[in-house]
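Engineer: Residue numbers (UniProt numbering), protein chains in the order written: chain A, 1 to 511; chain B, 1 to 402.
Please note that the accuracy of each hint is not assured.
What the hints assert, rightly or not - Cβ-Cβ distance ranges computed for the label pairs, FRET-style:
(1) Lys18/A with Lys215/B: 23 to 33 Å
(2) His285/A with Val116/B: 55 to 65 Å
(3) Ala262/B with Arg247/A: 33 to 43 Å
(4) Glu13/A with Phe43/B: 46 to 56 Å
(5) Gly74/A with Ala47/B: 47 to 57 Å
(6) Phe43/B with Ile113/A: 48 to 58 Å
(7) Gly152/B with Gly112/A: 53 to 63 Å
(8) Ala47/B with Gly112/A: 45 to 55 Å
(9) Asn209/B with Asp452/A: 47 to 57 Å
(10) Gly32/B with Ile113/A: 45 to 55 Å
(11) His27/B with Arg280/A: 51 to 61 Å
Simulated from the structure, these hints should not be mistaken for laboratory data.
Idealized CB from N, CA, C, for every residue including glycine.
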Amino acid sequence: MATLLEMRDITKEFPGVKALDRVNLKVEEGEIHALVGENGAGKSTLMKVLSGVYPHGSYSGDILYDGEVQSFRGIRDSESRGIIIIHQELALIPLLSVAENIFMGNERAKRGIIDWRRTEMRAADLLARVGLKESPKATVADLGLGKQQLVEIAKALSKDVRLLILDEPTSSLNEQDSDKLLALLAELRKQGVTSILISHKLNEIRQVADTITVLRDGGAVARLDCEGGISEDDIIRDMVGRSLNDRYPERDPQIREEVAMEVSGWTVHHPVQTDRVVVRDVSFHVRHGEVVGIAGLMGAGRTELAMSLFGRSWGRDITGTAKINGHVADLSTVRSAINAGLAYATEDRKTYGLVLDDTIRRNVPLAKLDAVADGVVVNGAREAEVAERYRGRLNIKSSSIEQETVNLSGGNQQKVVLSKWLFADPDVLILDEPTRGIDVGAKFEIYTVIRDLAASGKAIIVISSEMPELLGITDRLYVMNEGRFVGEMPTAEASQEKIMARIIKSGDRVK
Amino acid sequence: MSQIVDETADRPAGEQARASWRFLKGHLREYGILFALIAIMAFFQVATGGILLKPVNLTNLVLQNSYIVIMAVGMLLVIVAGHIDLSVGSVLGFIGALAAVMIVNWDVPYPIAAIVCLAAGAVIGMAQGFWIAYFRIPSFIVTLAGMLVFKGLTLWLLAGQSVGPFPPQFQLISSGFLPDLFAMDGFNLMSFLIGLAVAVGLTLLALRNRAAQAKTGAPEEPFAFFAGKTAIVFIGITWMSWLMADFRGLPNVFIVMALLIAIYSFVTSRTTTGRRIYAIGGNEKAAMLSGINAKRLTFLTFANMGMLAALAGLVFAARLNTATPKAGATFELDVIAAVFIGGASMAGGVGTVVGAVIGAFIMGVMNNGMSILGIGIDYQQVIKGLVLLAAVIFDVMNKKKG
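Produce the complete structure using the sequences and hints provided.
Structural biologist: If you want it as structure tokens, here you go:
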């Protein structure tokens with residue numbers, strides 16, 4: 001077999017972070033190559049480099065494709081060479097037909113006038129090739145996710161794809177659709193289409209992949225050949241095997257007897273697809289002074305759980321009870337949840353956490369504005385004093401409290417979000433991915449804040465996709481997968497392998 | 001008063017000037033609009049050979065723009081909250097018609113009619129705000145529908161006729177002037193003293209604020225800049241009130257306008273409610289996740305807009321002394337233009353009441369000045385359009401640079 005793609009020493013830096021560090025990736029013609037790694041290991045970044053989303057010159061290293069060095073300046077360049085990427089969030093236009101979607105931007109037309117007959121005939125051919133029995137005239141929105149995924153692949157085939165990249169294609173599919181999709185990949189392999197498959201589902205990877213590249217912390221740490229058979233444990237070890245030195249502050253947990261928050265039988269349905277259960281019968285508790293982690297992969301339902309607890313900000317048909325300090329808590333609106341002593345710091349600080357055009361001074365007191373006001377009149381001096389206090393306490397690096405938060409670095413933005421919730425003075429604080437996308441130094445500072453909060457008797461729930469982080473800062477862990485809590489363990493007895501095993505086994509059990 | 005407010009005042013003059021210039025460059029967005037108004041006024045003052053600032057013309061300028069200013073104050077809140085209200089012109093016309101029908105045709109006492117009209121305006125605002133806030137129907141569409149509906153209802157209410165005239169007391173809303181207790185001949189001392197008192201009051205307030213800032217941290221504005229700005233405001237207000245006192249004094253509607261500007265400036269900049277409206281416009285999701293009741297505030301913002309449009313409707317009807325089916329047509333565009341010229345952002349979360357008022361007066365001075373110069377209505381429209389575009393381009397470029 002000839003080598004189709006070779007990425008050599010790819011290094012990509014963002015301000016403050018090295019996302020990829022001399023990564024090598026070699027893909028043979030006509031194989032299915034799996035790319036695995038934890039969230040944040042650099043898989044998506046690597047694929048963005050390959051497809052030209054990060055144009056030539058914004059990274060270092062070489063891309064050899066078909067034996068030639070390539071310098072893609074955009075997706076158009078890579079697509080013209082037959083490299084097609086299908087993202088996790090599908091890029092289909094829901095209200096247009098299947099045929100229109102397949103030829104979007106690539107219309108079968110003569111001098112700008114679309115030839116509908118040719119469009120539909122070609123679309124029907126492509127649909128047959130991917131095994132989708134739908135009319136080319138069907139509206140995409142009426143198809144299930146599995147079928148939409150097939151439409152995406154048909155669209156890729158219409159562009160004469162040679163290298164098909166699929167980013168977590170089965171993450172939102174049921175088992176049947178997943179199997180169909182994997183069978184299609186194997187079928188396309190026979191027709192000479194090479195694939196790169198990014199996935200967390202190791203059983204699927206074992207099923208179809210010929211070669212596996214494992215990424216960890218922005219580096220390619222292993223290249224595994226599947227021919228001789230390979231175990232999931234081997235893959236997991238390579239994925240998580242990293243040393244934990246003192247990246248976490250020392251702490252001496254003082255967990256009190258009193259339970260701060262207790263949730264039982266919490267079930268949440270999807271707000272649009274109302275028959276889909278996103279959080280299923282979840283029960284947990286957290287004590288004063290305790291840091292509890294919720295581990296799981298992206299899409300496990302952790303954020304949905306947290307947001308549904310926090311004033312029913314997500315989902316519908318929510319059932320179950322939540323007690324705070326022993327009393328049933330009214331969590332029906334965000335205001336009442338805050339008053340009940342709950343706070344939720346979002347995973348997406350730019351969309352849900354900050355008013356970006358506003359200053360630090362205006363963001364910090366936002367969740368408890370009445371506390372800096374005399375009646376309805378905001379007391380500017382008190383507001384400034386509060387903002388100044390938290391700027392000092394959390395070491396928010398900024399020119400002054402009058403700096404707009406849009407101009408702060410990710411770590412400092414996160415500290416402003418934390419300040420807002422610290423000022424609201426909750427008993428229970430849910431932190432959703434508190435260190436996502438921030439540098440190591442700021443991470444340590446945030447861990448220190450979490451430790452100090454717990455020491456002062458607050459109950460902390462940390463949701464994180466970074467397992468080392470959970471192992472480093474929590475006292476007890478819950479493992480969540482596909483909407484359910486599938487494991488609970490004291491952090492002292494936990495390991496990344498154990499957590500991964502819980503997740504994967506729970507996935508198998510469903511089948 | 002001679003006491004030095006803070007240590008930056010001690011610095012040498014050269015450094016003061018440089019610091020002020022740097023500050024001005026950094027805050028062009030906020031102050032540029034005020035300088036634009038001053039520049040435009042200076043231009044027309046010269047071009048019209050001094051007619052622009054003649055007492056009678058100045059008074060006229062205020063009267064002509066009062067209803068736009070009143071609505072701009074409400075529109076500022078709507079736009080800051082991230083919405084738009086296209087119906088205000090039609091609501092203004094409808095309320096004028098309602099007032100005329102009640103007072104002229106049905107002989108309802110005018111104070112009662114005025115109260116009913118204001119309430120009707122608030123209800124209209126609520127009816128629109130209800131769909132926008134609680135059903136998340138885009139405000140552009142809801143108020144576009146409102147614009148058509150109330151235009152139609154105005155025609156229906158007036159049966160296609162003009163209704164008037166109003167009783168003299170009602171006309172006083174727009175044509176009355178503050179009585180002069182000193183009863184001087186040809187000069188309304190009372191009005192001048194009120195203007196002077198306001199100017200002194202604003203200056204004291206500015207000094208107090210700066211002193212408070214100095215206590216909690218270094219004041220942001222360099223001292224020379226602060227002094228210059230305060231002096232301009234002081235002299236400006238004193239001079240304007242002198243000029244108006246020289247004609248017939250402060251118009252009643254001017255008092256109403258000034259009160260509204262003061263109240264709404266305070267609400268937007270100093271109260272929790274105001275702060276929350278800015279937060280909603282800046283990032284509604286983050287605001288809601290901070291426990292802010294975004295729906296109710298949006299609803300109230302539209303109710304408020306409806307009430308102010310009704311007030312503007314009364315002022316406008318009183319000024320024309322008749323209600324016509326065409327009253328208010330395209331006023332919404334002038335109001336929206338004023339708010340955007342005043343530095344508000346289409347995306348919400350940005351803008352000030354004072355900016356919106358200055359924006360309204362920029363449009364007003366240009367209308368007035370170009371009319372005096374005898375420039376045709378055709379060119380006037382073109383020039384006003386270009387000024388709106390230029391103001392917003394300036395704003396966007398400035399923001400990108402920052």
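Engineer: Range first: 23 to 33 Å. Now tell me if the beta carbons of Lys18/A and Lys215/B are that far apart.
Structural biologist: violated, 45 Å
Engineer: CB of His27/B to CB of Arg280/A, is that within 51 to 61 Å?
Structural biologist: Hint holds: Cβ distance 54 Å, inside 51 to 61 Å.
Engineer: Do the Cβ positions of Gly32/B and Ile113/A conform to the proposed distance bound of 45 to 55 Å?
Structural biologist: Holds, at about 49 Å.
Engineer: Range hint 47 to 57 Å: satisfied by the CB atoms of Gly74/A and Ala47/B?
Structural biologist: holds, 52 Å
Engineer: So does Ala262/B sit 33 to 43 Å from Arg247/A, Cβ to Cβ?
Structural biologist: violated, 55 Å
Engineer: State, for the Cβ atoms of Asn209/B and Asp452/A, whether the hinted interval 47 to 57 Å holds or is violated.
Structural biologist: violated, 36 Å
Engineer: CB of Phe43/B to CB of Ile113/A, is that within 48 to 58 Å?
Structural biologist: Check passed, 53 Å falls within 48 to 58 Å.
Engineer: With respect to the beta-carbon atoms only, verify the hint that Glu13/A and Phe43/B lie 46 to 56 Å apart.
Structural biologist: holds, 52 Å
Engineer: Mind checking the hinted window 55 to 65 Å against the Cβ distance between His285/A and Val116/B?
Structural biologist: With Cβ atoms ~58 Å apart, the hint holds.
Engineer: Taking the Cβ atom of Gly152/B and the Cβ atom of Gly112/A, is their distance within the range 53 to 63 Å?
Structural biologist: The hint (53 to 63 Å, Cβ to Cβ) is violated, given that Gly152/B and Gly112/A are roughly 42 Å apart.
Engineer: When you take the CB atoms of Ala47/B and Gly112/A, is the distance between them in 45 to 55 Å?
Structural biologist: holds, 51 Å
Comparing the model with each earlier hint shows violations of hints 1, 3, 7, 9; every other hint is respected.
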